[in-house]
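Engineer: The task is simple: from the sequences and hints, build the whole structure.
If you're matching them up, the sequences are chains H and Z in order. Taking this note's numbering, the leading residue of the first sequence gets 210, the next gets one more, and so forth. Taking this note's numbering, the leading residue of the second sequence gets 210, the next gets one more, and so forth.
Please keep in mind that the hints were generated in silico from the structure rather than gathered at the bench. It cannot be assumed that every hint is accurate.
In this list, chains with the same sequence are indistinguishable; a pair is considered to hold if it fits within one copy or across any two.
Stated by the list, open to error - Capping the alpha-carbon separation at 27 Å, the derived lysine-lysine pairs in DSS-like fashion look like this: (1) K559 - K528; (2) K345 - K599; (3) K454 - K515; (4) K519 - K441; (5) K515 - K528.
Protein chains: 2
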Amino acid sequence: MNANPVFSLHIPTRILFGCGEIKKLATETLPGKKAMIIISGGTSMRKYGYLDKVIGFLTENDVASIVYDKILPNPIKSHVMEAAAICREQGCDFIIGLGGGSTIDSAKAIAVMACNDGDFWNYVTGGSGKGRPVTKALPIIAIPTTAGTGTEADPWAVITNEEKQEKIGFGCSLTFPALSIIDPELMISIPPHLTAYQGFDAFFHAAEGFIANCATPISDLYALEAIRLLYKYLPVAVNDGKNLKARAKVAWASTLAGLVEATSSCTSEHSMEHAMSAYYPQLPHGAGLIALSEAYFETFRNDCMKRYMKMADVMTQQKSNRPSDFIDALARMKKECHVDNIKLSEWGLKEEDLPKMVQNARDTMGGLFTLDPRPLTDDEVLNIYRQSYK
Amino acid sequence: MNANPVFSLHIPTRILFGCGEIKKLATETLPGKKAMIIISGGTSMRKYGYLDKVIGFLTENDVASIVYDKILPNPIKSHVMEAAAICREQGCDFIIGLGGGSTIDSAKAIAVMACNDGDFWNYVTGGSGKGRPVTKALPIIAIPTTAGTGTEADPWAVITNEEKQEKIGFGCSLTFPALSIIDPELMISIPPHLTAYQGFDAFFHAAEGFIANCATPISDLYALEAIRLLYKYLPVAVNDGKNLKARAKVAWASTLAGLVEATSSCTSEHSMEHAMSAYYPQLPHGAGLIALSEAYFETFRNDCMKRYMKMADVMTQQKSNRPSDFIDALARMKKECHVDNIKLSEWGLKEEDLPKMVQNARDTMGGLFTLDPRPLTDDEVLNIYRQSYK
Numbered sequence: 210m211n212a213n214p215v216f217s218l219h220i221p222t223r224i225l226f227g228c229g230e231i232k233k234l235a236t237e238t239l240p241g242k243k244a245m246i247i248i249s250g251g252t253s254m255r256k257y258g259y260l261d262k263v264i265g266f267l268t269e270n271d272v273a274s275i276v277y278d279k280i281l282p283n284p285i286k287s288h289v290m291e292a293a294a295i296c297r298e299q300g301c302d303f304i305i306g307l308g309g310g311s312t313i314d315s316a317k318a319i320a321v322m323a324c325n326d327g328d329f330w331n332y333v334t335g336g337s338g339k340g341r342p343v344t345k346a347l348p349i350i351a352i353p354t355t356a357g358t359g360t361e362a363d364p365w366a367v368i369t370n371e372e373k374q375e376k377i378g379f380g381c382s383l384t385f386p387a388l389s390i391i392d393p394e395l396m397i398s399i400p401p402h403l404t405a406y407q408g409f410d411a412f413f414h415a416a417e418g419f420i421a422n423c424a425t426p427i428s429d430l431y432a433l434e435a436i437r438l439l440y441k442y443l444p445v446a447v448n449d450g451k452n453l454k455a456r457a458k459v460a461w462a463s464t465l466a467g468l469v470e471a472t473s474s475c476t477s478e479h480s481m482e483h484a485m486s487a488y489y490p491q492l493p494h495g496a497g498l499i500a501l502s503e504a505y506f507e508t509f510r511n512d513c514m515k516r517y518m519k520m521a522d523v524m525t526q527q528k529s530n531r532p533s534d535f536i537d538a539l540a541r542m543k544k545e546c547h548v549d550n551i552k553l554s555e556w557g558l559k560e561e562d563l564p565k566m567v568q569n570a571r572d573t574m575g576g577l578f579t580l581d582p583r584p585l586t587d588d589e590v591l592n593i594y595r596q597s598y599k
Numbered sequence: 210m211n212a213n214p215v216f217s218l219h220i221p222t223r224i225l226f227g228c229g230e231i232k233k234l235a236t237e238t239l240p241g242k243k244a245m246i247i248i249s250g251g252t253s254m255r256k257y258g259y260l261d262k263v264i265g266f267l268t269e270n271d272v273a274s275i276v277y278d279k280i281l282p283n284p285i286k287s288h289v290m291e292a293a294a295i296c297r298e299q300g301c302d303f304i305i306g307l308g309g310g311s312t313i314d315s316a317k318a319i320a321v322m323a324c325n326d327g328d329f330w331n332y333v334t335g336g337s338g339k340g341r342p343v344t345k346a347l348p349i350i351a352i353p354t355t356a357g358t359g360t361e362a363d364p365w366a367v368i369t370n371e372e373k374q375e376k377i378g379f380g381c382s383l384t385f386p387a388l389s390i391i392d393p394e395l396m397i398s399i400p401p402h403l404t405a406y407q408g409f410d411a412f413f414h415a416a417e418g419f420i421a422n423c424a425t426p427i428s429d430l431y432a433l434e435a436i437r438l439l440y441k442y443l444p445v446a447v448n449d450g451k452n453l454k455a456r457a458k459v460a461w462a463s464t465l466a467g468l469v470e471a472t473s474s475c476t477s478e479h480s481m482e483h484a485m486s487a488y489y490p491q492l493p494h495g496a497g498l499i500a501l502s503e504a505y506f507e508t509f510r511n512d513c514m515k516r517y518m519k520m521a522d523v524m525t526q527q528k529s530n531r532p533s534d535f536i537d538a539l540a541r542m543k544k545e546c547h548v549d550n551i552k553l554s555e556w557g558l559k560e561e562d563l564p565k566m567v568q569n570a571r572d573t574m575g576g577l578f579t580l581d582p583r584p585l586t587d588d589e590v591l592n593i594y595r596q597s598y599k
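Structural biologist: Rendered as structure tokens:
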């Protein structure tokens with residue numbers, strides 16, 4: 210990073226954080242009178258009563274709502290298009306994403322397609338997307354019930370074009386949520402393995418954003434704090450899911466990592482993972498990242514040594530004197546979270562698929578490769594995939 | 210602070226930071242076609258060519274401008290009212306504050322009074338202000354040429370009602386700048402003693418915001434980084450004003466301290482200083498704060514010991530084990546910046562004035578006393594004034 214860096218900061222989102230804050234939905238000034246609530250196709254938003262809570266608080270606030278409940282863990286374009294059509298028909302004023310990153314990302318894409326004609330891929334940049342400018346979108350409210358994507362604090366929406374096997378992040382200033390409510394009490398029911406996958410997603414947003422060649426003084430501040438908190442509290446949250454303090458620290462770290470995404474960027478580790486889960490949608494994004502991470506970070510060990518040592522400093526709370534301290538600390542953290550032995554083959558990945566992953570990663574999210582500490586060759590990318598494959 | 214704190218974050222300002230960034234005025238989308246530029250009654254904005262630069266870049270961007278050039282170092286309400294009347298007559302779309310905190314704060318107040326009827330004091334809360342709600346304001350652009358107030362990153366405008374000797378901070382979500390451009394190259398000409406006064410103002414925004422009972426995890430992050438940077442780089446900038454790296458670090462620390470103001474709050478040290486400069490407008494705000502600071506922070510030494518030690522940690526980069534390490538480090542920093550011997554009497558303050566300062570501080574900015582680590586008695590406040598008086 211330059212000694213006199215030039216950078217910018219613009220996070221227009223109003224963020225409300227804390228246990229019980231979901232109740233603010235009843236009292237905040239909301240951007241309209243009719244909401245479309247986006248939830249996943251799973252059962253948890255109803256089972257744990259979160260959907261009823263949200264609808265109840267909206268009603269108290271004199272806001273009507275309809276629900277779209279089909280979103281998949283790796284959300285797909287056809288659901289975005291279907292929900293946007295319903296949203297127009299029903300005259301909704303704004304979109305609420307309630308759930309994990311998939312539903313909030315979908316809410317962002319739906320907010321765009323409720324106001325713009327044609328296909329969502331007309332607006333996506335990368336892959337076969339046409340990259341047309343977006344000049345309007347409905348307001349978005351994000352209510353995460355997982356701690357991982359940080360999407361509540363950034364403009365990004367990652368959607369898979371299921372016909373083309375392209376999983377691409379899209380975003381602009383209009384896709385920052387207008388309001389995000391992060392209530393750690395809504396995260397208490399997440400099972401240990403998902404807590405770990407999601408928490409590591411946040412960790413990699415921060416760590417990639419810290420080594421990215423577009424890192425800035427403000428993204429560094431958010432990143433190191435997220436890394437510190439996750440190293441300390443993610444193992445606690447994984448091993449004792451009812452520990453509300455740990456849940457809150459992890460949730461805040463995830464939001465901080467979202468701020469990193471909004472001020473720096475993730476790097477090609479994310480491109481490489483997106484290629485895997487574009488082909489194998491059943492592979493959780495966080496699990497894919499965990500599998501790639503040791504080989505990925507090992508590759509850059511000698512390219513940004515000071516930054517690796519700074520990350521190790523805040524993780525171990527001891528002065529580091531070699532870059533591999535970071536990789537050692539990462540390995541320890543995986544072990545404490547019981548994710549040190551992820552087998553990609555268990556999600557159906559075949560070793561012979563790996564070369565086509567290299568191409569997909571370059572084609573769909575090639576831009577992130579330009580933000581790595583140094584450019585990777587195709588051989589190096591394939592090598593990272595190979596080392597990560599079990 | 211609570212183990213599971215509830216807090217919010219909302220900084221709608223778009224911040225552009227870096228050497229040379231002033232040129233972005235020529236290319237950014239601006240909020241209208243005619244600007245009112247607010248500068249001080251001094252000569253520096255013209256002498257150093259900053260005003261010409263701004264007008265030139267606006268012209269390139271197809272934006273007309275008029276200039277209001279009367280603002281005093283402690284800006285007064287009658288100038289706000291006069292400029293707002295001109296702004297309405299001339300049909301300006303937005304307000305640019307170019308200069309120190311006084312001009313940017315005035316720009317904010319003018320932006321409010323260009324859209325609201327009656328007197329500015331109808332909208333101010335505190336003192337004899339009527340606290341009426343503000344529902345509209347013109348967009349504001351902040352271009353600081355000093356590093357101290359942080360007003361470019363917060364909603365606050367401190368204006369003196371010269372008839373009533375009330376110096377009060379006012380702000381709401383509409384008085385966040387829409388755009389702030391912080392270009393350290395514009396700060397190179399500030400003389401050493403003003404560099405020190407302004408830099409310590411930023412330091413106290415951060416340190417007060419860190420010990421305030423409304424501090425939050427996000428304000429703490431901004432505050433500790435501002436404190437770290439100022440301890441390290443303010444003496445360099447004071448002693449070598451042409452050192453652009455030090456200027457940039459101090460400027461960024463000042464913006465961070467503004468973010469502290471937007472997410473936590475300053476405390477009664479600021480109320481106490483405002484009372485002094487309301488009576489003696491020739492007293493620079495930073496000099497007043499420096500004079501008060503040792504007695505002020507000494508008063509709370511045993512009330513937030515951990516927080517004092519954390520501040521000492523980031524200042525000295527050594528593990529602190531007693532709260533007075535912070536006060537020692539503060540004293541060292543003053544000495545290195547040649548402001549360890551501020552004599553309030555040199556600005557005309559009389560010792561017999563001190564009791565009425567206690568009353569003015571309570572009357573006009575009493576709210577900040579409720580944010581101190583613990584409530585101060587009037588005797589304690591008077592005692593702080595007495596110990597600070599030379």
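Engineer: Each hint should be assessed against the structure and marked as holding or not.
Structural biologist: Checked hints:
Proximity of K559 to K528 under the C-alpha cut-off of 27 Å is found in neither arrangement, the shortest distances being 41 Å within a copy and 51 Å between copies. Within a single copy, K345 and K599 get their C-alpha atoms no closer than 45 Å, and across copies no closer than 60 Å, so neither meets the 27 Å cut-off. For the identical chains of this complex, K454 and K515 are inter-copy neighbours only, at 20 Å across copies versus 31 Å inside a copy, given an alpha-carbon limit of 27 Å. In this homomeric assembly, K519 and K441 come within 27 Å of each other (Cα to Cα) both inside a single copy, at 16 Å, and across copies, at 18 Å.
For the homomeric pair K515 and K528, the shortest alpha-carbon distances inside one copy (11 Å) and between copies (21 Å) are both at most 27 Å.
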